[in-house]
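Protein chains in written order, with the working numbering: chain V, 1151 to 1439; chain S, 1308 to 1556.
Be a bit skeptical, because a hint or two may be false.
[As the list claims (entries may be wrong)] Computed cross-link-like contacts, DSSO-like style, restricted to lysine-lysine with a CA-CA straight-line distance of at most 30 Å: (1) K1176(V) with K1431(S); (2) K1176(V) with K1448(S); (3) K1433(S) with K1387(S); (4) K1369(S) with K1381(V); (5) K1369(S) with K1337(S).
Just so you know, these hints were derived from the structure itself, not from any lab.
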Amino acid sequence: MIFYLSAFLLGLCLSAMGLGIFITMKIFRIPDITTDGSYTLGAAVTAVMLTQGWPIIAVIPVTLLVGAGAGILTGLVHTRFKIDALLSGILVMTGLYSINLSILGRSNIPLINIETIFTALSIFDKQIYNEVWVGLLFLVLLSGLLAYLLRTDFGIAMRATGNSESMTRAMGINNDRMKIIGLAIANALTALSGFLVAQYQSFTDINMGIGIVLVGLGSVLIGDALINWLKIRHIWLQLALVMLGCILFQMVLAVALSLGVHPNMLKLITAIFVLAIVGIPRLARNRTA
Amino acid sequence: MIQLNNITRVFNQDQVNEVLALKEINLTIKRGEFVSLIGSNGSGKTTLMNVISGAVLPSTGKVYLHGEDATRLPEHKRSKWIARVFQNPLGGTAPDLSVLDNFRLAALRTSKKQLKIGITGAFKEKVRARIAELGLGLEDKVKQPMGTLSGGQRQALTLLMSTMDHTDILLLDEPTAALDPRSAEVVLQTAQRIITTYNLTTVFITHNLQNALNYGNRLIQMKNGTIVRDLDAEAKEKLKLQEVYEWFG
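Chain S on its own, in the form it takes in the complex:
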């Protein structure tokens, strides 16, 4: 569960280039909710997500994750709840490390990285089996450096990595922006499957309005740092793509 109480964030306070990125945002996202977050550039979507992840701390207001006050927790400490997929496929993986090494770290996201060899035969098999579920034929490439895979393959693997350890919240920041339409479809379907299977609380930022309509069970539109529309599953179901385009007109 994510709870934002009265969140305001100002960048470059008291300078000529002062920006009010978020204005008194109140938002509660329940367990298992899959929120599609839309809005034009500069509307505050990414800042909102960064306030949740801890990459940006709010100027005022409180952030509760799973009922715990996380307002001042740094990013790396919030990783016990949060898994992330970044817009840039390079952001969520270490390119020079093997696929296996990347999965090993993901499996230890919420725990200590100890001085013992964790990549055992059993672990390799587990990773291979998980990757095989994707159906992309990547299970034979686990020893390759992550950087040798395509952007789509890396995003799909990043999603899968989020399930290697206990996860409550999944943050998807335009995960398909750098991908061709086919790869984008694969990644989003993978996301959908993972979110349903593990009952994850999800925030999904996208500029693709069709995707925003097709995926998720709640739709939020932001404008000038505030939430201007918030549709539940039922209202979202009835929504037509044309109407959403008009919001941006």
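Bound conformation, chain V alone:
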């Protein structure tokens, strides 16, 4: 039970990144893989600040800012130099590896015996219950904010940009600027996942971000499949389903582990699972077509 609750909590922690990837992939239709770098960036900043005794309330805005910075960088490379979004993401992600390493100072920092966001609450006897509640509260707040943003006039402009660029240009929207803002928000959210996961697992490791974009991608695809299947149009329900996708994804990995799959095989399982999510519906469609 605790094992699955723990997977549930990890799913929650990764939901922030899921929301970010949902914004780039589904709203802006930009394949952004800065994620691997901005996730570790968030975790690195968190680890360094927490070990230096900064309060959590100060760590959150800094994490968001550095994540947004990474996104802005990718956005600038993509729009100013007219470089393919995928390549822009790879460039920034690769560069961030060195930055992250120099922030950390070594390849990993443990967060043992340090106040974290998850120890802030102590209502229940079992610590994991407290942690799950903190995670839930945090993500409900975050997705609520994001849903509000997407429903504002600015949010409508954001959603339209990924939908029809000729329309948005005619409506006085600067598409390039909008894309940069979108990438900034997405990577700020990703960094926030790094912030949460570092505290969830009580350490930050320079390699923790490798392949994380695939986890996010798979999770968003699960969420998107649910959105299409249930024909959900309300934006906040869509965001809730994306978060559910993140949790389901971690649950599947937890089941795989409990079935005796060696942890070394986890990345391979992740890749195969994402392939299955993307591939199976297409095979099914080809058969009926």
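Could you slot chain S onto chain V? The hints should help.
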């Protein structure tokens, strides 16, 4: 008002596929004028319209919109004067967004898109009332995604969207090319009504010569990047369809 001074536009300059799309065009379109622009493919009609909208910048020459020098202004900054309807019904609307969302953006065409909820009860009512004027029965579909409507319905709504915010210039780039004759008629009549009501300066590109004759109070024919005929309302009135066909003979 639109004023083009000595506009020349060259594509692929100094290459084997160099094209002189516009040759020293001088054109003034007064406030409230409704220009039908005709010409065969490659005559420069669309480039001319794109120079006005900012999608294409001229190689030489000046563009004045409403007396202001707009020669170097990008497309999204000219939207404070210009509303557009594209040939492709997908071009002027965001298909995955609801009709209401599309109208909200249109209502903010000339202003900032702020961090507040703009789709209020009052706004919904305003949009419903406007759409009801079309008489297409679309007022009950404002919550549907734009993409679920037909091409004709979308073009009619795009036209209506241009009136949600202050507009001086309306650019219609073959707005009915993708439509059946009945829908085309609805769209053009809607356009006519809007243009008259709001006294809009209009440029209307069409390949349908009958439409070019029936609509507008000025007729311009282009050929090889230049204006070869320019008829005012009176001359256009006397014109017969047969004569226009002969221009293309």
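Structure-based check of all given hints:
For the hint linking K1176(V) to K1431(S), the alpha-carbon distance of about 26 Å falls within 30 Å, and the restraint holds. For the hint pairing K1176(V) with K1448(S), the CA-to-CA distance comes to about 24 Å; that is within 30 Å, so the pair holds. Proposed proximity of K1433(S) and K1387(S) is supported: the alpha carbons are some 21 Å apart, at most 30 Å. Of the pairs offered as hints, the one joining K1369(S) and K1381(V) is violated, with about 50 Å between alpha carbons and a cut-off of 30 Å exceeded.
In summary, the hint linking K1369(S) to K1337(S) is supported, as the alpha carbons are separated by about 17 Å, within the 30 Å threshold.
Of the numbered hints stated above, the single one contradicted by the structure is hint 4.
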